[in-house]
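Mind docking these for me? Both chains are given alone in their own frames, and the hints should help you get the complex.
As given, the protein sequences belong to chains A and B, one line each in that order. Going by my numbering, the first sequence opens with residue 1, and the numbers climb by one from there. Going by my numbering, the second sequence opens with residue 263, and the numbers climb by one from there.
Each hint should be verified, as a subset may be incorrect.
Examples of chain A residues toward chain B, derived with CB under 7 Å [as the list claims (entries may be wrong)]:
#  : residue
1  : Gln21
2  : Ala22
3  : Ala25
4  : Val32
5  : Phe35
6  : Ala43
7  : Val44
8  : Leu172
9  : Ser178
10 : Val187
11 : Tyr192
12 : Phe193
13 : Ala251
Residues of chain A clear of chain B, computed beta-carbon distances all greater than 10 Å [claimed, not checked]:
#  : residue
14 : Arg14
15 : Ala131
16 : Gly209
No lab work stands behind these hints: they were computed from the structure. Note that the Cβ used here is the ideal one computed from N, Cα and C, for glycine as well.
Listed here are the chains, written in short residue letters.
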Amino acid sequence: MLSASWALAGAGFRRYATYRQATVAGIFTNSVFGFLRCYVLLAVAAGTAAGVAGYTGPQLATYVWVGQGMLAVVNSWTMLDLADRVRSGDITADLLRPIDPLWTYLWTDLGRAGFAMLTRFAAPLVVGALAFELYAPAHAVTYVLFAVSIVLAVVVGFACRYLVGLTAFWLLDIRGVSMIWVFLSGVGSGLYFPLALLPDWLSTFLWIGTPFASLLQGPLDILVERGGPEILALQLFWAVALLWACRVVQARAVAKLVIQGG
Amino acid sequence: MYGHVLRAQIRSQTQYRMSFVVEVIGSVVINGLDLATVFVLFSVAGSLGGFGGTEVLLLTTLSACAFAVADLVVGNADKLRDYVRTGLFDTLLLRPLSALWQLLAVNFAPRRVGRAVQGLVLYVVALAIADIDWDLARAVYAVGAPVAGAVFFGSFFIAGSTVAFWWVESGEMANAFTYGGKDFSAYPSTMYDGWFRTVFASALGFGFVAYLPTLALVGRADPLGAPDWLRWCSPVTALIAAALAALFWRTGVRHYRSTGS
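Bound conformation, chain B alone (with noise of 0.2 Å):
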C-alpha cells in the first residue's frame, strides 16, 4: 500500500525532469558546501578539537551520511503542521493505515536521494583512507553506526514535528536540534564547552552519532573521559530515541483535535 503512494509521489515529482534535476543537483552541491566548510575550519587550525584530518573527515562524514539518510525518509515529517493548521490532518486519520507512514510516504521528496548517496560514498572513502585496525567487531560497527545515527535524527524530525499538535508556529524551533544537531555531530564533541556540550553530546545525547562511533573505530579512549564500552553504545541510545519518538507521537495524535473545518 506505502509502496503505491511512494511510487506515485515518485512519478509525479520526477514530472517536471529539469526541475528535478536541477533540484538534486542544488541540494548535493549544498550539503558538499557543509564539508567544505569543515575543511577550510580544518585547514586553518590543521587540527580540529585534537584530531587529525582521516580522523574528523570519518567523524564529518559518518555525521553527513547519517542526517542525509534520515532526512530522506523522514524529513518531510515537517510537513505535519500544515496538515495540523488546516485540519488536512483529519484525512490521515480517516485512511485504515498507520498516520504517519501515510505522511511520510505521501509528502516523500525522492530529490534528497542525491544527498544520501552523497554521503554514503563519502562515508566509504573516509573509512577506507582512515587508519582502522580492522576486525569483525569495527566492519559490523562500521555499518552500523550510520543506521543508528539515521535512527537517531529520524527520532528528532518525529518529536520535533510532533510539537505541532500542541503548536503550529513551532517550526524553526524542531531546526534547533535537527539542523543544529546535525552542525553539532559534524564536529568533535571536545571543540564544544560547558554546560551546552553537556546538553548536547549528553543528555541529548548528539555525541553517540559520529563522535563516539568514530573513536571506536579509530581505537581512541574518549579526552572527554567517557568509559571505553559507551563508545559502542550508539544502536541502544538510537533505539532509546526512537521508543521515545514513537511514545511523544502517539501522545500527539490522541491530543489532536480537528480545525473541524
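For reference, chain A alone in the conformation it holds in the complex (with noise of 0.2 Å):
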C-alpha cells in the first residue's frame, strides 16, 4: 500500500513536471499578480495610521508572495479530472482497481502539489524577496508548523475538489458547481486581502465555519507569526471531516451508479 502510494504520488510529480512552459508561464503571471496585490496593500497600510488589521509592511509583503506561491501549490482553480471520468463512465475501470479512486487522486495530488512547491512556490517567493522587504520568522519551529500546514491546506484543498467532482454522478455537468466554488474559495481563503479585514462576524464564520480560511489564510497566519498549533488543529478538523465526507459520498455514489454506454 505504502510503495503504491509513493508511486502514485511519483507519478503525479512526474506528469506536471512534464508541462515546463506552462510552468514558466503560470511563474510569470503568478509574479506580476504578486506585484499588483502587495503594491496595493502596502499603499493602504501607508495611508492608515492604525495600519492594515494588526499586519506590518513585510508582513503584508510575505503575505501577498507566498499566497501567490501557494495559489498553485493549492491549486483550488483547476479541476480534478474525476467529473470527466464520471460522464464518460471512466470511472468504473478506476473503481476496479485495488487501490480507493479517493487514495488514488489524492496521492497524485500530493505529487503534484510537490513539484508546484518546487517551481510554483518557491520562484514567486524569489522575486518577492528581491523587490520587497519580506517577513522572517522570529523562530526556527515557524518553518516546521508552516509546511506542515501547506500538506493540510494541500489535503483540505484537494478533499474540497473532490467533492465538486462527485457531483457529477448527480449532475453529470458540474460547471455550475465548480464556478461557486472557485467564487467562494477565492474570497474565502483571503487571497485578494487578509481575511481580518472583514468584520469580525464575517471573518470568524470564514474561519471556523468554512474550509476556505484553511487553504492560504491559514499557513500565511502562521508564517507571519500570527497564529501557531491552533490552526493547524483547525485545518487537521477540516481535512479529516472532508475526507470523511468524500468517502460518505462516494458510497452513495456508487450505489445508485449507472454505467454510460453499458
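This is how it looks when you write it as C-alpha cells:
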C-alpha cells in the first residue's frame, strides 16, 4: 500500500514536471499579480496610521508573495478530471482497481503539489524577496508548522475539489458547482486581502464555519507568526471531516451508479 | 454573415436556460466581488492613493466597465490556442471571411452580457455622484473613455492570444496583461511604485484606461506629474494599441503552419 502511494505521488510529480512551458508561464503570471497586490496592500498600509488589521509592511508583503506561490500548490482553481471520468463512464475502471479512487487521486495530487512547491511556490518567493522586504519568521519552529500547514492545506483543497467532482454522479455537468466553488474559495481563503479586514462576525464565520481559511489564510498567518498550532488543529479537523465526507458521498454515488454506454 | 453565426451561437448557448441564467448571475456576482475588494481596502484607509470615495468609485467602475465590454466582444480570442493546437484554425482560413472575426463570432459567449451591463450601470452611477464640473469636452470624454478603454483591453486580448501562433502553452501568461491590466487600472496609479509602475502605467499604457481619464473628468492635475493634456489622450493610445495588435495578428496568421492532421 505504502509503495503504491509513493508510486502514485511520483507519477503526479512527473506528470506535471513535463509541463515546463506552462510552469514558466504560470510563474510569470503569479509574479505580476504579486507585484499588483503587494503594491496595493502596502499603499493601503501607508495611508493609515492604524495599519492593515495589525499586519506590518513586511508581513503584508510576505502574505501576498507566499500567497501567490501557494495558489498553484493548493491549486483550487483547477478541477480534478474526476468529473470527466464520471461523465464518460471511465470511473468504472477506476472503481475496479485495488486502490480506492479517493486515495489514488489524493496521492497523485500530493505529488503534483510537491512539484508545484519546487517551482510555482519557490520562484515567486524569490522575485518577491528581491523586490520587497519580506517578513522572516523569528522562531525556527514556525518553518516546521508552516510545512505541516501547507500539506494540510493541499489535503483540504483536494478534498473540496473531489467533493465538487463527485457531484458529477448526480449532475453530470459540474460547471455551475465548480464556478460557485472557485468564487467562494477565492474570497473566503484570503486570496484578495487578509480576512481580518472583514467585519469580525464574517471573518470568524469564514475561519470556523468554512474550510476556506484553511486553504491560504491559515498557513499564511502561521508563516507571519500571527497564529500557531491552533490553526493546524483547525486544518486537521477540516482535512479529516472533508475526507470522511468524500468517502460517504462516494459510497452513495457508487450505490446509484449507472454505467453510461452499457 | 457574422450576424448569422452570432445568432446561432446565442441560440445554442441559451438552450439550457437554467445553466445560462446561473452562469450570467455567477459572473455578475464575481464581478461585484472585484468592486467589493476595492471597497474593503478603501474602508481600511479612508482613501486610496490620495483619492477620495467618489473618485475611486469612478476610476474603478470605468476600468471594470471597459474590461467587461472588451471581454464580451473579444475575450474569447484566447480560444485560438485550441484552434492552433488541433489544427482547427485551417477551417477558419478556408472560409472567405476574416479569420479573427470568425473566431470571435463562433466563440461568442452571451453570458458575459450580464457583466457588461452591470459595469455600464455602475459607471453611470459613479458619474452621477462624482464631483464633475460638466462641460461639452467632459461629456464627450465620459462616453469616449470607456470605449477607448475597451478597445485598449481588447487589443491586449487579441495580442495575448496571438502569441499562441508561436507558443501554444502561453495561455496563463496573457492573463498577466489582460486580467493583470484590469487589476492595475482598477486602482489609482499612485498606489504603485518603481519600475513596475513605469512599465504598467506608461510603457504598456494601462494608466490611460481609467486613471488619467478620471483625473480629466474630475479636473485634478496628475500627482505623478503627467502634463494636463495627456489626461485626454486615452483614445489616441487605444488606437495605437489596436493598430499594433492588428499588425501582430497579421504576422501571426502568416506564421501559422497547420498541424497537418
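Consistency of the hints with the structure:
Of the supplied interface hints, the one on Gln21(A) holds, with its beta-carbon coming within about 4 Å of a beta-carbon of chain B, less than 7 Å. For Ala22(A), the suggested interface contact is upheld, since its CB lies about 5 Å from the closest CB of chain B, less than 7 Å. A least Cβ separation of about 4 Å between Ala25(A) and chain B falls short of the 7 Å threshold, and the interface hint therefore holds. For Val32(A), the shortest C-beta to C-beta distance to chain B is roughly 4 Å, which falls under 7 Å, so the interface hint holds.
At a threshold of 7 Å, the smallest CB-CB gap from Phe35(A) to chain B is about 5 Å, leaving the interface hint in force. With its C-beta approaching chain B no nearer than about 4 Å, Ala43(A) sits inside the 7 Å limit, and its interface hint holds. Using the Cβ-Cβ criterion of 7 Å, the hint placing Val44(A) at the interface with chain B is satisfied: the shortest such distance is roughly 5 Å. Given the 7 Å rule on beta carbons, the hint for Leu172(A) is violated: about 11 Å separates it from the nearest Cβ of chain B.
The closest approach between the C-beta of Ser178(A) and any C-beta of chain B is roughly 10 Å, which is over the 7 Å cut-off, so the hint fails. Checking Val187(A) against chain B by beta carbon gives a least distance of about 6 Å; that is within 7 Å, so the hint holds. The closest approach between the C-beta of Tyr192(A) and any C-beta of chain B is roughly 5 Å, which is under the 7 Å cut-off, so the hint is satisfied. For the restraint placing Phe193(A) at the interface with chain B, the shortest Cβ-Cβ distance is roughly 6 Å, inside the 7 Å limit, so the hint holds.
For the restraint placing Ala251(A) at the interface with chain B, the shortest Cβ-Cβ distance is roughly 28 Å, beyond the 7 Å limit, so the hint is violated. Non-interface status of Arg14(A) relative to chain B is upheld: no Cβ of that chain comes within 10 Å, the nearest being about 18 Å off. Not every CB of chain B is more than 10 Å from the CB of Ala131(A) (nearest about 8 Å), against its label as outside the interface. Separation of Gly209(A) from chain B is adequate, the least Cβ-Cβ distance of about 19 Å exceeding the 10 Å criterion.
Violated hints, in rising order: 8, 9, 13 and 15; the structure is consistent with all others.
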